[in-house]
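Work the whole structure out from these sequences, hints included.
Protein sequences appear in the order of chains A and B.
Letter by letter, the first sequence follows residues 1 to 319 in the working numbering.
Letter by letter, the second sequence follows residues 1001 to 1319 in the working numbering.
In short, the hints are calculated from the structure, not lab data.
It cannot be assumed that every hint is accurate.
Under 8 Å between C-beta atoms, here's a sample of chain A residues computed to sit facing chain B [to be verified]:
{"hint": "1", "residue": "T87"}
{"hint": "2", "residue": "P90"}
{"hint": "3", "residue": "L94"}
{"hint": "4", "residue": "T98"}
{"hint": "5", "residue": "E106"}
{"hint": "6", "residue": "E135"}
{"hint": "7", "residue": "D136"}
{"hint": "8", "residue": "A137"}
{"hint": "9", "residue": "V141"}
{"hint": "10", "residue": "S144"}
{"hint": "11", "residue": "A148"}
{"hint": "12", "residue": "A152"}
{"hint": "13", "residue": "T158"}
{"hint": "14", "residue": "A159"}
{"hint": "15", "residue": "V233"}
Positions of the beta carbon are idealized from the N, C-alpha and C atoms, including for glycine.
2 protein chains.
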Amino acid sequence: MNSIIVTGCCGFIGSTMVDRLLLLGYRVIGVDNVSTGQIGFLDSAIKNSNFQFIQLDLLNLEQLKEAFCGGEFVIHFAANADVRFGTQHPGRDLEQNTNATFHVLEAMRANNIKRIAFSSTGSVYGEASVIPTPEDAGFPVQTSLYGASKAACEGLITAYCEGFGIQSWIFRFVSILGERYTHGHVFDFYQKLKADPTQLEVLGNGRQRKSYLYVQDCIDAIFLAIEKARDRVNIFNLGVNDFCEVNDSIGWICDFLNVTPRLSYTGGERGWVGDSPFIYLDTQRIQSLGWTPKLTIKEGVLRTVQYLRDNEWVFNVRT
Amino acid sequence: MNSIIVTGCCGFIGSTMVDRLLLLGYRVIGVDNVSTGQIGFLDSAIKNSNFQFIQLDLLNLEQLKEAFCGGEFVIHFAANADVRFGTQHPGRDLEQNTNATFHVLEAMRANNIKRIAFSSTGSVYGEASVIPTPEDAGFPVQTSLYGASKAACEGLITAYCEGFGIQSWIFRFVSILGERYTHGHVFDFYQKLKADPTQLEVLGNGRQRKSYLYVQDCIDAIFLAIEKARDRVNIFNLGVNDFCEVNDSIGWICDFLNVTPRLSYTGGERGWVGDSPFIYLDTQRIQSLGWTPKLTIKEGVLRTVQYLRDNEWVFNVRT
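This is the structure:
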């Protein structure tokens, strides 16, 4: 049996995917440069003889071609995850997302691997005029370097589908929550409140609406789509039919931690430049295949803070 | 007075833009690596004291930052022009279009230049479901590495507009024809028929429909849009309200050359993998500003073959 390759296997979603694949009996090659991921997320996987971990950077094309040897399917999750600092290092998204994805495609081509699943983002819609936003929304105008880089990845992947007979499953995520979640506002709030439970500074006005999906629901949807969708290019929004305000999640987190901080807001509709004030996706397409998320947004947030409480080591090892 | 910077100044459209700018009295800095452009296209420009030519590759960011010093507006036309060979060197479009555009944006940022006009392409629509295709057509699925790379450029530019307060004019061209046209099917047919007027091999079935715009009409539209469209991001299709089949243009070229070759067809709806069988753009948006093309497609084709007949040196110097 050939292997499933997972890039970004030390990441939040990547490591969860690895564990699921191993549970289902697949052989898995995990690739990660361990720059923002956690080797600790592979504690279980590395005990499994079906798992092989290769530490390398996707920007090293020759090593990547070697690593992909024996693979039959690529699940490409590696990405720059520091979304909101795009303007501080404007080349990073291009390099680590777009150019890295090009290398993944070239390594596939070198090894005659014909199928890829890719973690895109609802940010590719820019500031969508239609909400909930369907997959065939209007031609997007990118507003963040992160969204632009992921849209560019999609373009490369679909052009490879056309040019080289590859088949792709592209998933546009809302924010994902759950065990091993280690960036984004729930993580930041938890960390800030642990340090000082008497006050919390909130980027923006707290009214930013967010739609969150629980990581295991996300993985379920990916498996279902790969099983049932058989076009050359298969694009799916993944999210829940609901949203919350940042203030809602602050309330849930504070209740969970039993703290009552004084809230201060930096103001404005956006947490940061390029932050989309509202990503809320139309998920009819994936739901029509028989998928529904099992957890609500609130349940996803609570699973996340439970995980953070039980795994505070993730705060210490992060760079 | 500060200068207008034109990247790709040795190219077909870039050199035409340089001449127009100089005619209008602007100071111009032209940048080109002279890899596919022709230094001969600048014969007139280099006699003008308002013109400065800097030979460099956009991939050299440090040199580019120096070259952009004193610029107030960037017209970014440099690109990989060998569209149809994308699958033979799949990294070239990414490198020479997407990554090069990132460098242009970084060089602008380093020099506090806040305005950019960009030559995109109707290929960014992939295989559009709506024809004529408007600027706000559905979310595109890229089918060529060229289209994907240009769409990625657009994404970078608009993300910079959002993140760094830049203003942009993005032009999605149909194929452009006219004086200095030195690639594409009219060029190829002319060259083949000069070599052997008795036969002509046509890629595809000859029924591919093409919409062509005359280069001076294209330049007119760009000036008008920059003058009148004042949003942060201004996107315009540029084309004519008409199309021809490849067979039509073959007829016009043969009539002009007074030859009657035996035609053979490689077959299929597409000239090459990733070739969009029909790019026909809705140009209401630019026409609403008061622009209409002056030349028909046939007139554009004839101007082109006249130019080629009078300038056969362009065949000799091409690599």
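The hints, checked one at a time:
Of the supplied interface hints, the one on A/T87 holds, with its beta-carbon coming within about 4 Å of a beta-carbon of chain B, less than 8 Å. The interface hint given for A/P90 is met, as the beta carbon of that residue sits about 7 Å from the closest beta carbon of chain B, less than 8 Å. Residue-level restraint check for A/L94 holds (minimum Cβ-Cβ distance to chain B is 5 Å; threshold 8 Å). Checking A/T98 against chain B by beta carbon gives a least distance of about 6 Å; that is within 8 Å, so the hint holds.
For A/E106, the interface hint holds, the least distance from its beta-carbon to any beta-carbon of chain B being 7 Å, beneath 8 Å. For A/E135, the shortest C-beta to C-beta distance to chain B is roughly 7 Å, which falls under 8 Å, so the interface hint holds. With a least beta-carbon distance of about 5 Å to chain B, the hint placing A/D136 at the interface is held under the 8 Å criterion. At its closest, the beta carbon of A/A137 sits 5 Å from a beta carbon of chain B; the interface hint therefore holds under the 8 Å criterion.
Among the interface hints, the one on A/V141 holds; its C-beta lies about 5 Å from the nearest C-beta in chain B, closer than the 8 Å criterion. Of the supplied interface hints, the one on A/S144 holds, with its beta-carbon coming within about 6 Å of a beta-carbon of chain B, less than 8 Å. Taking 8 Å as the C-beta cut-off, the interface hint given for A/A148 holds, the closest approach to chain B being about 3 Å. The interface hint given for A/A152 is met, as the beta carbon of that residue sits about 3 Å from the closest beta carbon of chain B, less than 8 Å.
Taken as an interface hint, A/T158 checks out: its beta carbon lies about 5 Å from the nearest beta carbon of chain B, inside 8 Å. Satisfaction of the interface hint for A/A159 is found here, the shortest Cβ-Cβ separation to chain B being roughly 4 Å, below the 8 Å cut-off. For A/V233, the suggested interface contact is upheld, since its CB lies about 6 Å from the closest CB of chain B, less than 8 Å.
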